[in-house]
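There are 2 protein chains.
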Amino acid sequence: MGKILMGPTTLICPMPVLLVGANVDGKPNFMAVAWGGIANGEPPMISVAIRYSRYTHRGIGQNLTFSVNVPSVDLVREADYCGITSGSKVNKVEVCHFNVFYGKLDNAPLIEQCPVNLECKVMHILDLASHSLIVGRIEETHISESCLTDGKPDIDKIKPFAYIGTPVPDHRYQSLGEVIAKAFSIGQELNVRE
Amino acid sequence: MGKILMGPTTLICPMPVLLVGANVDGKPNFMAVAWGGIANGEPPMISVAIRYSRYTHRGIGQNLTFSVNVPSVDLVREADYCGITSGSKVNKVEVCHFNVFYGKLDNAPLIEQCPVNLECKVMHILDLASHSLIVGRIEETHISESCLTDGKPDIDKIKPFAYIGTPVPDHRYQSLGEVIAKAFSIGQELNVRE
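So the protein sequences, as listed, match chains A and B.
Per my numbering, the first sequence starts with residue 3, numbered consecutively.
Per my numbering, the second sequence starts with residue 3, numbered consecutively.
These are calculated hints, taken from the structure and not from any lab test.
Note that the coordinates shown come from a computational prediction; the quantities given were computed from them, not determined experimentally.
A virtual CB, placed ideally from N, CA and C, is assigned to each residue, including glycine.
Wrong hints could be hidden among the right ones.
[Unchecked claim] Residues from chain A shown here face chain B by an in silico Cβ test under 7 Å; the list is partial:
#1 T11
#2 G28
#3 Y54
#4 G63
#5 Q64
#6 L66
#7 K123
#8 K184
#9 A185
#10 E191
The shape of chain A in the complex, shown without the other chains (with noise of 0.2 Å):
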């Protein structure tokens, strides 16, 4: 299988599209973010990567707390709007009509309409060239109510989607597809090998 080197690239697919919400000013606001992930286990943590420039990236400096809200495939059209405007020029909040709540932390702003909502406090800003790593301490999850079963997250209720970063055929949003495996479990077919 041949190999074409295209230098240094961000190609890591699937990411996820994440809202992050932070008050600035005193108002809330949110940007779309799919470079982040999971820092830590116990106690849970999560790292976003925020150009410094970004209004929000101002916001979680002024308070040290931020949210991460993860949107079902109903908000495609409001996740990417709030990818591609800055709350400097306009009221996102207004726009998408979202529903804003707060939790246990004064000022991390929660979209009511996102299934989930995690509340985070800031442990540790990397400074890196042209983000941010932003790491925050998860203080608190929400999740709607229709989003269980048997009261625990359901997957198929929650309904997120990924952002891929590919060029071809095009940067695009992408449901959940089929289920291929169950995790934890379909490696040990292997295991006869050992």
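Since the structure of chain A is already known, use the hints to place chain B on it.
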């Protein structure tokens, strides 16, 4: 819409499935990592969260290099195997029949069968609580020739899959599904409201 509190959790979705490679005591080993994401844009950097006790953690510490390999759906069995076994006990390269090669870094092992391979040089190791958040600068990208269209990476040929960490219906792997929208585009429909 009612919300339920679940305490601190790592509930984001979807997550990527990445095979992180390192030479440990001079031999290539790979582990499955869902807790990773892009950390910086210019230059490209990536972060992966790895538990201290993991065999791969030792190898990354030894060489200060690692690789990130994106498996396609046909490697789901091997990827899961790399997540449920330890290189201290089994030779994963042998069991999984991985063809290992090296690029510009001497000791960041790459998997030929994975369509995308990133070579990374460690820039920061952020010691959190249970995990280290390891930030690497992406030095080179290798992509399988068969996954290109007009010389560019084509997601429909790469065929990556996601890890779903919600307990219901089950922890599982899912392929990508329906294309729901073009990124940096559909959000413009809301601009009429500005």
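Hints and how they fare:
{"no.": "1", "hint": "T11", "in the structure": "4 Å, holds"}
{"no.": "2", "hint": "G28", "in the structure": "22 Å, violated"}
{"no.": "3", "hint": "Y54", "in the structure": "11 Å, violated"}
{"no.": "4", "hint": "G63", "in the structure": "18 Å, violated"}
{"no.": "5", "hint": "Q64", "in the structure": "22 Å, violated"}
{"no.": "6", "hint": "L66", "in the structure": "17 Å, violated"}
{"no.": "7", "hint": "K123", "in the structure": "10 Å, violated"}
{"no.": "8", "hint": "K184", "in the structure": "5 Å, holds"}
{"no.": "9", "hint": "A185", "in the structure": "4 Å, holds"}
{"no.": "10", "hint": "E191", "in the structure": "6 Å, holds"}
Going down the numbered hints, you'll see the structure goes against 2, 3, 4, 5, 6, 7, while the others check out.
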